[in-house]
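Asker: Each protein sequence line maps, in turn, to chains P and D. Its first residue numbered 9, the first sequence is counted upward by one per residue in the working numbering. Its first residue numbered 9, the second sequence is counted upward by one per residue in the working numbering.
It cannot be assumed that every hint is accurate.
[Stated by the list, open to error] Straight-line C-alpha distance at most 20 Å; calculated EDC-like pairs for lysine to aspartate or glutamate: (1) P/Lys114 / D/Glu91; (2) D/Lys114 / P/Asp262; (3) D/Lys429 / D/Glu478; (4) P/Lys65 / D/Glu54; (5) P/Lys55 / D/Glu26; (6) D/Lys243 / D/Asp410; (7) P/Lys114 / D/Glu124; (8) P/Lys264 / P/Asp320; (9) P/Lys336 / P/Glu405; (10) P/Lys112 / D/Glu125; (11) D/Lys80 / P/Asp108; (12) D/Lys114 / P/Glu96; (13) D/Lys336 / D/Glu383; (14) D/Lys142 / P/Glu35; (15) D/Lys112 / P/Glu87; (16) D/Lys95 / P/Asp62; (17) P/Lys112 / D/Glu91; (18) D/Lys88 / P/Glu124; (19) P/Lys55 / D/Glu54.
Just so you know, these hints were derived from the structure itself, not from any lab.
2 protein chains.
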Amino acid sequence: MSKGLPKRSEDYSLWYNELVKRAGLAENSGVRGCMVIKPYGYAIWEKMQRVLDDMFKKTGHSNAYFPLFIPKSMFEAEEKNAEGFAKECAVVTHYRLQNDPDNKGKLRVDPEARLEEELVVRPTSEAIIWSTYKNWIQSYRDLPLLINQWANVVRWEMRTRLFLRTAEFLWQEGHTAHATAEEAVAETVQMLNVYADFAENYLALPVVKGVKTPNERFAGALDTYCIEGLMQDGKALQAGTSHFLGQNFAQAFDVKFTNKEGKLEHVWGTSWGVSTRLMGALVMAHSDDEGLVLPPKLAPIQVVFVPIFRKDEELAQISEKVAELKQKLEAKGISVKYDDRDTERPGFKFAEWELKGVPVRVAIGPRDLENGTAEVARRDTKEKQSLQLEGLENTLENLLHDIQENIYNKALQFRQENTVKVDSYEEFKRVLDEKPGFVLAHWDGTPETEERIKEETKATIRCIALDTPEEAGVDMVTGKPSSRRVYFARAY
Amino acid sequence: MSKGLPKRSEDYSLWYNELVKRAGLAENSGVRGCMVIKPYGYAIWEKMQRVLDDMFKKTGHSNAYFPLFIPKSMFEAEEKNAEGFAKECAVVTHYRLQNDPDNKGKLRVDPEARLEEELVVRPTSEAIIWSTYKNWIQSYRDLPLLINQWANVVRWEMRTRLFLRTAEFLWQEGHTAHATAEEAVAETVQMLNVYADFAENYLALPVVKGVKTPNERFAGALDTYCIEGLMQDGKALQAGTSHFLGQNFAQAFDVKFTNKEGKLEHVWGTSWGVSTRLMGALVMAHSDDEGLVLPPKLAPIQVVFVPIFRKDEELAQISEKVAELKQKLEAKGISVKYDDRDTERPGFKFAEWELKGVPVRVAIGPRDLENGTAEVARRDTKEKQSLQLEGLENTLENLLHDIQENIYNKALQFRQENTVKVDSYEEFKRVLDEKPGFVLAHWDGTPETEERIKEETKATIRCIALDTPEEAGVDMVTGKPSSRRVYFARAY
Ligand SMILES: [Zn+2]
Ligand SMILES: [Zn+2]
Numbered sequence: 009m010s011k012g013l014p015k016r017s018e019d020y021s022l023w024y025n026e027l028v029k030r031a032g033l034a035e036n037s038g039v040r041g042c043m044v045i046k047p048y049g050y051a052i053w054e055k056m057q058r059v060l061d062d063m064f065k066k067t068g069h070s071n072a073y074f075p076l077f078i079p080k081s082m083f084e085a086e087e088k089n090a091e092g093f094a095k096e097c098a099v100v101t102h103y104r105l106q107n108d109p110d111n112k113g114k115l116r117v118d119p120e121a122r123l124e125e126e127l128v129v130r131p132t133s134e135a136i137i138w139s140t141y142k143n144w145i146q147s148y149r150d151l152p153l154l155i156n157q158w159a160n161v162v163r164w165e166m167r168t169r170l171f172l173r174t175a176e177f178l179w180q181e182g183h184t185a186h187a188t189a190e191e192a193v194a195e196t197v198q199m200l201n202v203y204a205d206f207a208e209n210y211l212a213l214p215v216v217k218g219v220k221t222p223n224e225r226f227a228g229a230l231d232t233y234c235i236e237g238l239m240q241d242g243k244a245l246q247a248g249t250s251h252f253l254g255q256n257f258a259q260a261f262d263v264k265f266t267n268k269e270g271k272l273e274h275v276w277g278t279s280w281g282v283s284t285r286l287m288g289a290l291v292m293a294h295s296d297d298e299g300l301v302l303p304p305k306l307a308p309i310q311v312v313f314v315p316i317f318r319k320d321e322e323l324a325q326i327s328e329k330v331a332e333l334k335q336k337l338e339a340k341g342i343s344v345k346y347d348d349r350d351t352e353r354p355g356f357k358f359a360e361w362e363l364k365g366v367p368v369r370v371a372i373g374p375r376d377l378e379n380g381t382a383e384v385a386r387r388d389t390k391e392k393q394s395l396q397l398e399g400l401e402n403t404l405e406n407l408l409h410d411i412q413e414n415i416y417n418k419a420l421q422f423r424q425e426n427t428v429k430v431d432s433y434e435e436f437k438r439v440l441d442e443k444p445g446f447v448l449a450h451w452d453g454t455p456e457t458e459e460r461i462k463e464e465t466k467a468t469i470r471c472i473a474l475d476t477p478e479e480a481g482v483d484m485v486t487g488k489p490s491s492r493r494v495y496f497a498r499a500y
Numbered sequence: 009m010s011k012g013l014p015k016r017s018e019d020y021s022l023w024y025n026e027l028v029k030r031a032g033l034a035e036n037s038g039v040r041g042c043m044v045i046k047p048y049g050y051a052i053w054e055k056m057q058r059v060l061d062d063m064f065k066k067t068g069h070s071n072a073y074f075p076l077f078i079p080k081s082m083f084e085a086e087e088k089n090a091e092g093f094a095k096e097c098a099v100v101t102h103y104r105l106q107n108d109p110d111n112k113g114k115l116r117v118d119p120e121a122r123l124e125e126e127l128v129v130r131p132t133s134e135a136i137i138w139s140t141y142k143n144w145i146q147s148y149r150d151l152p153l154l155i156n157q158w159a160n161v162v163r164w165e166m167r168t169r170l171f172l173r174t175a176e177f178l179w180q181e182g183h184t185a186h187a188t189a190e191e192a193v194a195e196t197v198q199m200l201n202v203y204a205d206f207a208e209n210y211l212a213l214p215v216v217k218g219v220k221t222p223n224e225r226f227a228g229a230l231d232t233y234c235i236e237g238l239m240q241d242g243k244a245l246q247a248g249t250s251h252f253l254g255q256n257f258a259q260a261f262d263v264k265f266t267n268k269e270g271k272l273e274h275v276w277g278t279s280w281g282v283s284t285r286l287m288g289a290l291v292m293a294h295s296d297d298e299g300l301v302l303p304p305k306l307a308p309i310q311v312v313f314v315p316i317f318r319k320d321e322e323l324a325q326i327s328e329k330v331a332e333l334k335q336k337l338e339a340k341g342i343s344v345k346y347d348d349r350d351t352e353r354p355g356f357k358f359a360e361w362e363l364k365g366v367p368v369r370v371a372i373g374p375r376d377l378e379n380g381t382a383e384v385a386r387r388d389t390k391e392k393q394s395l396q397l398e399g400l401e402n403t404l405e406n407l408l409h410d411i412q413e414n415i416y417n418k419a420l421q422f423r424q425e426n427t428v429k430v431d432s433y434e435e436f437k438r439v440l441d442e443k444p445g446f447v448l449a450h451w452d453g454t455p456e457t458e459e460r461i462k463e464e465t466k467a468t469i470r471c472i473a474l475d476t477p478e479e480a481g482v483d484m485v486t487g488k489p490s491s492r493r494v495y496f497a498r499a500y
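Whole structure, please, built from the sequences with the hints as guidance.
Answerer: Listed below in structure tokens is the structure:
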């Protein structure tokens with residue numbers, strides 16, 4: 009099953025692509041740049057959605073749904089945002105097909121059915137949503153407006169990779185409106201923290217929380233906050249963003265409210281999102297050369313039972329025991345699969361469930377039954393141990409907890425080992441080539457220097473971390489003064 | 009709040025539109041034919057989704073996600089399906105916008121960024137999914153393949169109505185593949201039954217289960233099963249469809265499997281779907297001139313508490329009691345809202361929650377507290393009664409159960425009263441004009457007669473019900489023999 013999975017050390021990129029396909033997460037479709045998310049991959053995404061959705065609701069947000077299409081004139085209203093996305097917009101120009109007179113059985117676009125105004129397929133929904141908020145907001149009593157949408161978006165990408173960069177992807181986009189700048193900034197930071205909480209406690213991915221440089225800001229935002237994780241190849245991956253929009257969209261769409269003093273003011277806005285890109289982060293952060301390593305909290309199957317048997321009566325006895333254990337585990341909310349296929353051998357099954365990243369595998373044979381034990385293997389460390397069947401549901405519950413923690417700690421240790429302070433440009437380049445990871449360096453704060461470093465090294469400023477201490481220094485390239493280090497890395 | 013809601017008896021259609029908007033379910037957007045689903049409406053849709061999704065999973069289906077876009081050549085592969093949807097396809101022809109040289113600050117479609125092949129925005133996903141299944145299915149061991157997708161689809165409609173007919177709508181579409189025709193038919197019928205179960209036990213909408221006539225079949229299907237409900241104006245509404253696709257898509261996309269005997273065969277398929285149209289059915293089946301009447305199982309808020317007070321200390325005492333009751337109710341999984349706004353009077357609140365269809369309203373004043381009682385009003389019958397606070401959580405739990413049943417029974421009684429057998433065309437027309445509803449009449453089985461009746465009366469054959477007994481008769485129009493009655497109605 010996992011035979012022939014490329015090794016990370018040999019070709020990380022190929023390893024990733026093959027793993028995503030072979031583990032049944034996703035595949036390329038017959039539509040350029042668009043992927044098919046397969047059932048096993050979608051089951052993980054559903055788990056992510058459920059957890060995030062609960063977090064959004066706990067922080068006071070409601071879901072809604074806005075149109076897929078945005079008329080061009082509406083799209084271009086906020087100029088910076090429009091300019092930022094113009095180059096990757098899919099555009100609907102016609103609304104009908106007809107039989108092709110020159111080609112029997114084929115269709116062509118009906119030239120008579122041209123739209124008066126072209127429709128942009130949403131690359132992000134600020135425009136359509138703020139054009140709607142105009143009608144929803146009159147008074148301070150209508151604020152804050154805290155809305156989220158689960159949706160598909162389209163950004164036409166020339167070079168795509170499964171989950172990480174696809175023409176169509178799934179995401180959630182929060183869009184909130186507030187009476188004051190302070191409240192909007194607080195919301196922006198709150199959602200950044202929600203994302204960091206999710207990344208660390210569910211994805212098991214330690215993240216750096218920070219602010220983007222102006223160069224890397226969301227088009228139309230005054231500030232973009234982000235969480236950045238480090239993948240096993242030393243590249244950074246932006247796992248979520250939260251934008252303080254100021255009054256930009258309120259001005260573009262004329263969204264005003266009467267404040268408590270009876271004066272008209274423009275509304276303050278935020279937007280924030282995470283996408284199916286998180287699936288890529290999940291794979292790249294933890295998996296190994298045998299396959300996926302899923303954190304138990306996001307694993308569609310947390311425990312798989314594999315019977316070891318020769319005779320039918322052996323299988324019957326094992327099945328009876330497993331049914332009993334399965335029930336006890338499920339009563340604890342643990343998802344269990346019993347792989348009793350008689351068409352495959354145990355070794356094949358072991359490899360398959362390793363490939364699919366199931367956190368715990370329990371093998372039970374006739375000898376185990378006699379002894380009242382089972383062979384329990386954890387996916388993360390590959391350790392095996394013989395455990396008592398009596399009370400196994402409790403042992404496994406604790407084990408799943410330990411695995412979740414261990415995966416996080418391993419990723420944290422990796423990040424710590426691959427985050428270095430650097431004070432010269434020479435060293436900066438050497439680190440990037442020899443032991444890539446996060447590089448903390450001084451930067452003079454200019455877009456020119458940032459641009460130059462990007463061109464010369466392909467490293468970008470991932471963020472100015474929120475928790476970086478002030479520290480006097482000089483820019484490693486220009487020698488100009490700097491008051492704090494920023495996070496550089498090559499990135500996905 | 010509900011002031012000025014039009015009356016059903018005066019203008020049913022206007023009543024519906026106004027109710028959908030004022031209750032906060034949905035509104036028209038700035039995009040032709042596309043709606044915005046507002047938070048309260050979306051919360052109901054989420055409840056529907058959750059219930060249906062659980063039902064699909066219990067019957068062995070997994071979710072996945074397939075691309076929004078379908079290349080034209082792929083779309084046209086199954087000719088009947090393509091022909092059926094060609095006239096309502098939104099088509100993407102370009103993938104980039106650019107600055108308009110003639111119009112500063114505006115964008116235009118970049119003429120250089122024309123797609124080599126146009127992309128159809130999915131009106132339904134058989135084509136893209138079967139083109140994918142070709143790679144997933146080789147052997148009988150890969151079957152059955154039981155997949156569902158939650159997605160948005162686009163069908164360009166000239167005349168749209170909120171929820172009932174919109175250019176973009178949300179739905180789920182199941183797409184399954186099977187080794188035999190029998191198994192595929194069984195799946196088709198199973199999903200019809202799942203839909204009927206959902207309609208009757210959650211939407212509280214009694215439905216007729218049946219088969220469509222060839223005229224009304226899904227384009228590309230061999231048989232279309234459907235559930236049909238009756239709205240309060242006597243019009244029918246198709247609430248869900250389940251299609252037996254035969255081998256049509258397998259042939260169009262060359263999807264074959266090796267059977268147990270080692271021979272290659274085409275795969276058998278089904279597809280089935282329900283959409284945000286169900287929201288329209290929900291509104292039209294049960295609501296009244298004061299607003300929505302929501303079945304408790306789908307109500308985002310099941311119980312609303314309204315404090316009746318003059319002084320702050322009265323409010324404080326009531327709030328304390330409500331907090332206690334709220335906790336007990338929520339422990340039973342009942343969703344509760346406490347409307348303690350001090351900006352609105354009780355009468356305004358009562359009207360607002362009536363408009364929003366909250367099944368149970370509990371008003372508590374200082375006198376109630378003294379007596380240990382509360383005034384409980386049910387939304388469906390508008391009955392009020394004084395109930396003991398002691399054990400109120402149990403009383404309300406039972407009450408919600410009764411309301412769910414009562415709403416269903418009322419709709420069932422309405423349908424029974426508005427389903428008539430008719431044996432002459434004269435009577436048929438008179439019934440449709442004077443007391444519209446389901447009309448059971450004999451039909452000679454020809455598309456010509458069906459078409460003629462449709463043109464002359466606007467009534468269509470909703471379905472040949474699965475449970476209609478055989479009964480010799482003659483077609484009311486042509487006098488030709490018929491062996492069973494069919495369901496006619498004017499429909500949404
Ligand atoms: Zn960052
Ligand atoms: Zn029918």
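Asker: Sort out whether D/Asp410 lies within 20 Å of D/Lys243, counting only the CA atoms.
Answerer: 27 Å, violated
Asker: Does the structure keep D/Lys114 and P/Asp262 at a Cα separation of 20 Å or less?
Answerer: 18 Å, holds
Asker: Hinted pair, alpha-carbon criterion (20 Å max): D/Lys112, P/Glu87. Please report holds or violated.
Answerer: 11 Å, holds
Asker: Holds or violated: D/Lys336 with D/Glu383, Cα cutoff 20 Å?
Answerer: Answer holds: D/Lys336 to D/Glu383 is near 18 Å, not above 20 Å.
Asker: Are P/Lys114 and D/Glu91 close enough, with their CA atoms no more than 20 Å apart?
Answerer: Given pair P/Lys114, D/Glu91 holds - Cα atoms ~9 Å apart, limit 20 Å.
Asker: Tell me if the straight-line CA distance from D/Lys429 to D/Glu478 falls inside 20 Å.
Answerer: Holds - the C-alpha atoms of D/Glu478 and D/Lys429 are around 14 Å apart, at most 20 Å.
Asker: Hey, D/Lys95 versus P/Asp62, does the alpha-carbon distance stay inside 20 Å?
Answerer: With Cα atoms ~41 Å apart, D/Lys95 and P/Asp62 exceed 20 Å; violated.
Asker: What's the verdict on P/Lys114 and D/Glu124, does the C-alpha distance respect the 20 Å limit or exceed it?
Answerer: Distance ~16 Å between P/Lys114 and D/Glu124 Cα, so the pair holds.
Asker: For the pair supplied as a hint, P/Lys55 and D/Glu26, is the alpha-carbon distance within the 20 Å limit?
Answerer: Given pair P/Lys55, D/Glu26 is violated - Cα atoms ~37 Å apart, limit 20 Å.
Asker: Has the given pair, D/Lys142 with P/Glu35, been kept, meaning a C-alpha gap of at most 20 Å?
Answerer: 13 Å, holds
Asker: Are D/Lys88 and P/Glu124 close enough, with their CA atoms no more than 20 Å apart?
Answerer: At roughly 29 Å apart (the allowed maximum being 20 Å), P/Glu124 and D/Lys88 break the hint.
Asker: Sort out whether P/Asp108 lies within 20 Å of D/Lys80, counting only the CA atoms.
Answerer: It holds: about 12 Å lies between the C-alpha atoms, which stays within 20 Å.
When held up to the earlier numbered hints, the structure conflicts with 5, 6, 8, 16 and 18 and fits the remainder.
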